[in-house]
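Following the hints, position chain B against chain A.
Residue-level listing of the chains:
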Amino acid sequence: MKNDALKTLGFIAALIMLQQLIAYGNNNFHHLQAQSSIIKANDIDPSALFYMEIKLALSAEKTVRKSINE
Amino acid sequence: MGNWTEDTTAILLGFVIILLALAAFLIVPYSQVDSALQSAQMSAGFSVDAWSADNDTGNAVTGFLSETVNGARPARWSVNPLSAFSTNIFTSMVFFFIALSALFAVGMLLMKRPVAVFVSGFVFIFAVSILAYLLANQTEFRSMGLGYALWAILLGLIITNIFGTPEFVRPALQPELYIKTGLVLLGAEVLFGKVMAIGLPGIFVAWIVTPIVLITTFWFGQRVLKIGSKTLNITISADMSVCGVSAAIATAAACKATKEELTTAVGLSMIFTSIMMVALPAFINAVGMPEVLGGAWIGGTIDATGAVVAAGAFLGDTALNVAATIKMIQNILIGVLAFGVAVYWATKVEKDAGQTVGASEIWLRFPKFVLGFVGASILFSLLYESLNPNTAIVLVENGVLDFTSDMRGWLFCLAFASIGLSGNFRELKSQFHGGKPLILYVCGQTLNLGLTLLMAWLMFYKVFPEITNSL
Numbered sequence: 067m068k069n070d071a072l073k074t075l076g077f078i079a080a081l082i083m084l085q086q087l088i089a090y091g092n093n094n095f096h097h098l099q100a101q102s103s104i105i106k107a108n109d110i111d112p113s114a115l116f117y118m119e120i121k122l123a124l125s126a127e128k129t130v131r132k133s134i135n136e
Numbered sequence: 004m005g006n007w008t009e010d011t012t013a014i015l016l017g018f019v020i021i022l023l024a025l026a027a028f029l030i031v032p033y034s035q036v037d038s039a040l041q042s043a044q045m046s047a048g049f050s051v052d053a054w055s056a057d058n059d060t061g062n063a064v065t066g067f068l069s070e071t072v073n074g075a076r077p078a079r080w081s082v083n084p085l086s087a088f089s090t091n092i093f094t095s096m097v098f099f100f101i102a103l104s105a106l107f108a109v110g111m112l113l114m115k116r117p118v119a120v121f122v123s124g125f126v127f128i129f130a131v132s133i134l135a136y137l138l139a140n141q142t143e144f145r146s147m148g149l150g151y152a153l154w155a156i157l158l159g160l161i162i163t164n165i166f167g168t169p170e171f172v173r174p175a176l177q178p179e180l181y182i183k184t185g186l187v188l189l190g191a192e193v194l195f196g197k198v199m200a201i202g203l204p205g206i207f208v209a210w211i212v213t214p215i216v217l218i219t220t221f222w223f224g225q226r227v228l229k230i231g232s233k234t235l236n237i238t239i240s241a242d243m244s245v246c247g248v249s250a251a252i253a254t255a256a257a258c259k260a261t262k263e264e265l266t267t268a269v270g271l272s273m274i275f276t277s278i279m280m281v282a283l284p285a286f287i288n289a290v291g292m293p294e295v296l297g298g299a300w301i302g303g304t305i306d307a308t309g310a311v312v313a314a315g316a317f318l319g320d321t322a323l324n325v326a327a328t329i330k331m332i333q334n335i336l337i338g339v340l341a342f343g344v345a346v347y348w349a350t351k352v353e354k355d356a357g358q359t360v361g362a363s364e365i366w367l368r369f370p371k372f373v374l375g376f377v378g379a380s381i382l383f384s385l386l387y388e389s390l391n392p393n394t395a396i397v398l399v400e401n402g403v404l405d406f407t408s409d410m411r412g413w414l415f416c417l418a419f420a421s422i423g424l425s426g427n428f429r430e431l432k433s434q435f436h437g438g439k440p441l442i443l444y445v446c447g448q449t450l451n452l453g454l455t456l457l458m459a460w461l462m463f464y465k466v467f468p469e470i471t472n473s474l
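So the sequences go chain by chain: A and B. Our numbering puts the first residue of the first sequence at 67, with every later residue one more than the last. Our numbering puts the first residue of the second sequence at 4, with every later residue one more than the last.
The reader is advised that the hints may include incorrect statements.
[Claimed, not checked] With a straight-line cut-off of 25 angstroms between C-alpha atoms, the simulated DSS-like cross-links for lysine-lysine are:
| no. | chain 1 | residue 1 | chain 2 | residue 2 |
| --- | --- | --- | --- | --- |
| 1 | B | LYS259 | B | LYS229 |
| 2 | B | LYS351 | B | LYS439 |
| 3 | B | LYS465 | A | LYS132 |
| 4 | A | LYS73 | B | LYS432 |
Please keep in mind that the hints were generated in silico from the structure rather than gathered at the bench.
So that you can see chain A by itself, here it is in the shape it has in the complex (with noise of 0.2 angstroms):
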């Protein structure tokens, strides 16, 4: 039981650790920060698996076929 609870305790500290490493790399290194903020500025989700998941993806898909249209 004991043996439970510290595994569990460090799985969650496994998880802040990871999120402090990234905070880290996003606020230190100049190509992540920009990375972060314009998924941040255009609401991004990069995790998104398929195009009709992402607002961005279809407007895209409709401004390509104008330009080419025009």
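Relative to the frame of chain A, chain B by itself:
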């Protein structure tokens, strides 16, 4: 009741959701919205996106459905996870749980499996799925593309390997049923009319390179690396060459790969997607590659659609548009892929050497859910093309498919939670014996990068430069 299998049940449940969405989001508001759009589109400067944003085409039923499916997911959060839970979320969660468990309880009844034990176990899987969405919506995790699929598998594995999966949960561990129902819904999103969006250069980059990379990587895995499992080989080859997790899910279901094999492919795809989403635009910027070429390269090589959009947006609007459109054309290839893999497995892989397999035997082996997947794709492709284009965007794209894609996300999340809860680290570790899956992925992706760049350059700058100039 006849003999209902997982495949036929998945087709039925998938189409129940599709019919519900069609009735609420298309049939009921159709005449009103269509006539409003017909008159609005006559005016100068008409934009369907602006019209859609200004006009609420919903009704009480669509509002309730969207609020229940969307509202049951924890919101975005940064520091305090409790801030992701509003007061309304619990009502949505309860309604959504009742609806989902009732839907799958019908499935259990049809397959002659006990319903009461299923529902009690389903509570647990639903809770793990909510936790997976909670972690996926954390700001930093979200920015790196660590999505619900990864968290659902990881949470399931942690629970089962630390505490052991409770016995009452086991009857609800039905990953294949959730996945196949989700795939029928995914079929509705595979709209073949979209393939023509960027014309021939896009088709060459997405539909010529991708099958070459897929077949070469599979061949390389069998002949050079001598990977023991053909199903693991094709699942990794498909997820690397086509569109990541969604392709892995469709291929694994079509060739009946094990849950450990699917987990391996999904894990590899998510890790490399996070790396490539950051590294590829940085490299393109560093070498000063033109936006159209960079966008086409990103669209053809990064696995997940979301990561393609994020990487394309980093380079600029033109790169984003080209990248997202190439990826969309590649996404649509998933229909052909699932059907092709299912036919190849039923006719070639599962037969003994020298054996002649008759039509009835092929039919027996063929995974029937693929027919639901392809059927939904054909139905929606015809429906989309037959409507007024603006009505199709407002009612089908922004209405029906918005709802079914949210439902599909939940079903995949339930499937990955079930996979995690029924797997263990030792079996998963055995998949990486000799590092072959990793080598397969890296070699296949290297070929993909080289071939896609060459094809994109040829198509956008040598064969169809006029299209590049118009972008």
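Within a Cα-Cα threshold of 25 angstroms, do B:LYS351 and B:LYS439 meet the stated pairing?
Status holds; Cα separation ~24 angstroms.
Going straight from one Cα to the other, do B:LYS465 and A:LYS132 come out at no more than 25 angstroms?
This hinted pair holds, its Cα atoms lying about 22 angstroms apart.
Pair hint B:LYS259 and B:LYS229, alpha-carbon separation not exceeding 25 angstroms
holds, 20 angstroms
Holds or violated: A:LYS73 and B:LYS432, Cα atoms, limit 25 angstroms.
holds, 19 angstroms
Figure legend: structure checked against the earlier numbered hints; every hint is met.
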